[in-house]
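Taken in sequence, the protein lines are chains A and B. Each residue of the first sequence is one higher than the one before, starting from 1 at the first, in the working numbering. Each residue of the second sequence is one higher than the one before, starting from 1001 at the first, in the working numbering.
No wet-lab data here; the hints were simulated from the structure. Keep in mind that this is a model prediction, so the values were computed, not measured. One or more of the hints may lead you astray.
[Stated by the list, open to error] Far from chain A, by Cβ distances over 10 Å, these chain B residues were calculated:
# : residue
1 : 1015
2 : 1120
3 : 1122
4 : 1128
5 : 1197
6 : 1208
7 : 1254
[Said to hold, decoys possible] Stretch-level coverage of chain A by chain B, calculated; a stretch enters the list once three of its residues show a Cβ under 8 Å from a Cβ in chain B:
# : stretch
8 : 96 to 104
9 : 187 to 194
[Said to hold, decoys possible] Here are the simulated lysine-lysine pairs, DSSO-like style, with alpha carbons at most 27 Å apart:
#  : chain 1 : residue 1 : chain 2 : residue 2
10 : B       : 1104      : A       : 17
11 : B       : 1052      : A       : 74
12 : A       : 298       : A       : 270
13 : A       : 250       : A       : 264
14 : B       : 1206      : A       : 17
15 : B       : 1206      : A       : 107
Cβ atoms here follow ideal geometry from the backbone N, Cα and C, with glycine treated the same way.
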Amino acid sequence: MAGVQVSNVSRSFGAHKALDDVSIDFADGGFYALLGPSGSGKTTLLRQVAGFDFPDSGRISIGGESVERVPVEKRRIGMVFQNYALFPNMSVADNVAFGLSVRGEAKAVIASEVQRALDLVQLGKLGGRRPHQLSGGQRQRVALARAIVTKPRVLLLDEPLGALDKALRVDMQIELKRIQREIGITTIFVTHDQEEALTMSDRIGILRDGRLVQEGPPEEIYDQPKSEFAATFLGDANIFRGESTGNGIKLPDGTAIAAGAGAKLAAGAKASCAVRPERIRIATDVEAQDAANANMLKGQVSKRIFAGNNSTYFVERGGQTLKVIVQNTGIDRLAEGQDVVLRWAPESTVLIATS
Amino acid sequence: MAAQGATASRSGLRSALPLLAPAYLWLTVAIFLPLSAMVFFSFMTELPLSGKPWAFTLGNYAAFFSQSLYLTLLLASLRLGLVVTLWCIVIGYPAAYVLAKVLKGRSREAIFLLVILPFWSNGLVRIFSWAMVLREGGILDTALNAVLPFKINIDLMYSYPAVIIGLVHSYVPYMVLTCYLTLQAIDDSLIEAGRSLGASRLQVLKRVIIPLSMPGLVAGAALIFVPVVGSFMEPRILGGRTGTFYGTVIEDQFVAVFNWPLGAALSFILLAVVLIILAVASPVLRRAA
Ligand SMILES: Nc1ncnc2c1ncn2[C@@H]1O[C@H](COP(=O)(O)OP(=O)(O)O)[C@@H](O)[C@H]1O
Ligand SMILES: [Mg+2]
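Bound-form chain A, shown alone (with noise of 0.2 Å):
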C-alpha cells in the first residue's frame, strides 16, 4: 500500500494539452475521484499513473518511489477498464489468477488467493465461467477481483460503473467502497458522474481541459467552489455575475448580494457569486422580515418540476432563471405564474473571483 504524488505533470499530443501542470497528492489508503467532463484528461492522467503513457515533463511517484520511466509491469498497480477487459480465452478463475501466475506463484497458493479475491466480490461461485457467461455487474467485480488479487499498490479505476444501469451502478459503489475500505487500499476513481464522485470519494480532484480547477474533501468542494465552473460541474448552483463589493458583489441593476463573512475580494473586480438551490428560501410574503436570510430577490415562478421528495422551482428574475429545490412538506405549493420571493443567509453565498 502506498500514497501516490503526482507533481507538475504535462502531456501533450501533438499540439493539444491534455494535461497541463497537473499536482496531486493521492494520500496512501484513501478514495480519490477524478471528475471532470469528457476530454478533461482523466484518463490520460491515470494512465500515466498506470504507466501506460508517460508524462513529457513532472514526476510521478509510487510509495515515495519516483516511477515516470517505470513501465506498467513493474508498478505493481492494479487497474479496472471500463469494458472490463476480461481475458475472453479463460475462465473467470484464470482470468483472476493471471496476475499471480505471471509471476510464478505456486499453483496451490494461487488457487487459494483466487478463492479468496472471488469470495470478496462474492462471486466464489462462478470461477469455472466463462465471461461471456456473466452480467455487465459480475464482470465488473471479476475485474475488480483480478485487479486487486495481486495486492497491488494502488488500484486504478477508470469509469469502472459508466455501463451499469443506474440500479446496479449504485449497489456497485457500495460494494467498491466496502471492498476499498476492507483492504485499506490507495485508490484513483475517474468517472464523470458528480453523484458517484460526491458519494464515494474522500477526496475529490476536478480536472478541466487538462488543468486542475480543484481538489479536497466533497463538503469542502461542494460548500466553498473556487470558480464558475467548479461549482455548477459538481452539484447544481445558480450563479449570478457582478462587481465586488468586498464581501460580496453589486448586480448591474444595483442589488446587492452578501456572500459569508469569510469572503474577501478586492471591491470594484468582477465578481460571481453561486448559490445551492437547495439553501434558497421562497416564499410569497413580500414585506416580511428574515434577519438570518439577508438576501432577498423579487421573482416570478416560470415552472415547478414535482420529484416527489422535493419540487424544484424555475424563478424569473432580471433575464435569468433561478433554480430553488424545496423539500416537500405538504406546504407552500408554488403556482407557475406566482409572484415570489427568494431569500437566502450570506453564509450560503460563495464569492467568486472571475477575470
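Based on the hints, put chain B with the ligands in the right spot on chain A.
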C-alpha cells in the same frame, strides 16, 4: 453465443433459401459436375473421349500403392506443405501483428498494399520474376557480389529453397490477412490489462494474443497447406529437376502423358489424405483456439 447463432441460422434457413439458391446452383455446375466426371474417369482404363475401348478398373488407385514413388512424392509434398505453412506463420504473423497493433493510418494502408500485392499479380509473372532474382548471374547474385568484397556464387535456381521461397511468397498474404483480422478484433485494453497485472510483453503475447488469434492462424494454415501440397507451378519452374512433387506428377498425367484416369485417381488420393489430416487436426486445433 455460437449456439445462439446456430439456432438463429436454422430458423432463418427457409427465408434464406432464395438467397442461397444461386450459390448452390453455381457450386453444382462449376464444381460438382466436373468433379463427378473426374471421379468417373478415375475408375476407367482409358479416357472415353479418345475413342479407344474402355472398361471400369481399380487399377489407377492400385498404381499408387504398387509403386513406392507415389507415396514418396506424397510425403515430400506434405513436408513441403508443412514447411511452407510454417514459414508463412513465421513471416506472416509478425507482419499481421505490426499491421493490426503497431501501425496506424496511412503507413498501415501502404504496408497492407505491399503485403497484398503478390495476391494481385499473375502467378506465372510472380514465379518468373523469382527466377530472375534467384538464378546465377541474376539479381540477388549480382547485387550481393556488388556489395560484398569477396566473390560468392548465389545460384538458388532449381533448388528446394527456391521452391520454398516462391511458394511462401505466393501464399503468405493468406496468413497475413487471416491473422490481421483476428488480431484486429483483439481489444487493446486486453493487452493493457495483461501488462497492468505484471505480465511482460512476451507473456501477454503468449498467454493472451496468440491464443486469441488462434482461429486466424488455423484458417491461414488450412488455406495455405492444402493448395501447397498439390502445387505444381512453383516446383516445376523454380525447382527444375529437384522440383518433382506429387502435384507435378498429377499435372504430368493431365498435360504430358494424357493419362487422365491415373491423374484423377492420384488427385482423389491426395484429397482423401488432406481431408484425413484436417479431420485429425481439427479437434486439437479447436481446443487450442
Ligand atoms: N493517444 C492520444 N492521442 C491523441 N490525443 C489524445 C490521446 N489520448 C488522449 N488524447 C486527447 O487528450 C484529451 C484528454 O483525453 P482523455 O484523457 O481521454 O479525457 P477524459 O478521459 O477526461 O475523457 C482529449 O482531447 C483527447 O482527444
Ligand atoms: Mg476517459
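Hint check:
1. 1015: holds, 28 Å
2. 1120: holds, 34 Å
3. 1122: holds, 40 Å
4. 1128: holds, 44 Å
5. 1197: With a cut-off of 10 Å, residue 1197 (chain B) comes too close to chain A, as the shortest Cβ separation is near 4 Å.
6. 1208: Answer for residue 1208 (chain B): violated, closest chain A Cβ roughly 6 Å.
7. 1254: holds, 45 Å
8. 96 to 104: holds (count 4)
9. 187 to 194: violated (count 0)
10. B:1104 / A:17: With a Cα-Cα distance of about 21 Å, the restraint between residue 1104 (chain B) and residue 17 (chain A) holds, given a limit of 27 Å.
11. B:1052 / A:74: violated, 80 Å
12. A:298 / A:270: Given that 27 Å is the threshold and the Cα spacing comes to 23 Å, the pair holds.
13. A:250 / A:264: Holds, because 14 Å separates the two Cα atoms, which is no more than 27 Å.
14. B:1206 / A:17: violated, 36 Å
15. B:1206 / A:107: At roughly 19 Å apart (the allowed maximum being 27 Å), residue 107 (chain A) and residue 1206 (chain B) satisfy the hint.
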